[in-house]
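Visitor: With the sequence shown counted from 1, adding 777 to any position gets you our numbering.
Do not take every clue at face value.
[Claimed, not checked] Label pairs and their in silico Cβ distance ranges:
1) S802 x R822: 17 to 25 angstroms
2) K863 x Q778: 19 to 27 angstroms
3) S895 x S833: 19 to 27 angstroms
4) P791 x E823: 14 to 22 angstroms
5) L824 x D849: 20 to 28 angstroms
6) Y883 x S847: 14 to 22 angstroms
7) L824 x R796: 13 to 21 angstroms
[Stated by the list, open to error] The calculated DSS-like cross-link candidates involving lysine-lysine, where the alpha carbons are at most 30 angstroms apart (straight line), are:
8) K841 x K863
9) K820 x K841
10) K863 x K820
11) K841 x K852
None of these hints come from the bench; they were simulated from the model.
Keep in mind it's a predicted model, so treat the numbers as computed, not measured.
Built from N, CA and C at the ideal position, the CB exists for glycine as well.
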Amino acid sequence: QVQLVESGGDLVQPGGSLRLSCAASGSIFSNYVMGWYRQAPGKQRELVATFRSAGSSNYADSVKGRFTISTDNAKNTVYLQMNSLKPEDTAAYYCRAAQISNPRNYYWGQGTQVTVSS
778 QVQLVESGGD LVQPGGSLRL SCAASGSIFS NYVMGWYRQA PGKQRELVAT
828 FRSAGSSNYA DSVKGRFTIS TDNAKNTVYL QMNSLKPEDT AAYYCRAAQI
878 SNPRNYYWGQ GTQVTVSS
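Using the sequences and the accompanying hints, generate a full structural model.
Guide: Here it is, written out as structure tokens:
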């Protein structure tokens, strides 16, 4: 069982920055693909970014060049640095860990709210 705890969500003005954190319950990054997803009210949950321990990362087109996913192995934490935030980035952000050897085995965090508004 993997537990994920997100933090860092807040209210921020357009153009501002936030860093989200997702603390995992153990050293899982070598066996799991870590991802950030988001869900806005009335919309489906969508992929924001993923990271594999080999150093590869992928981003949704809507966040490329503005968001960066990274990990701190010593802290078992994955981050999402969000810059140049836009109102359309407003959503609940969720962390997910998907097992590389069995992608149908995955875990979600509880989510953290990001609101971009003036």
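Visitor: Look at each hint and say if it fits the structure.
Guide: Hint by hint, here is what the structure shows:
1. Between S802 and R822 the C-beta distance comes to about 22 angstroms, which sits within the given range of 17 to 25 angstroms.
2. Taking 19 to 27 angstroms as the suggested C-beta distance range, the pair K863 and Q778 does not conform, at roughly 36 angstroms.
3. In this structure, S895 and S833 break the distance hint of 19 to 27 angstroms, their C-beta atoms being roughly 36 angstroms apart.
4. About 20 angstroms separates the C-beta atoms of P791 and E823, a value consistent with the hinted range of 14 to 22 angstroms.
5. Taking 20 to 28 angstroms as the suggested C-beta distance range, the pair L824 and D849 conforms, at roughly 22 angstroms.
6. A beta carbon spacing of about 20 angstroms between Y883 and S847 agrees with the range 14 to 22 angstroms that was offered as a hint.
7. The hinted window of 13 to 21 angstroms between L824 and R796 holds, with their beta carbons roughly 19 angstroms apart.
8. A threshold of 30 angstroms between alpha carbons decides the hint, and for K841 with K863 the separation of about 13 angstroms falls inside it, so the pair holds.
9. For a cut-off of 30 angstroms, the pair hint linking K820 to K841 stands: about 20 angstroms separates their Cα positions.
10. A C-alpha spacing of about 17 angstroms is found between K863 and K820, which places the hinted pair at or below 30 angstroms, so the restraint holds.
11. Between K841 and K852 the CA atoms are separated by roughly 26 angstroms; this keeps the pair inside 30 angstroms, and the hint holds.
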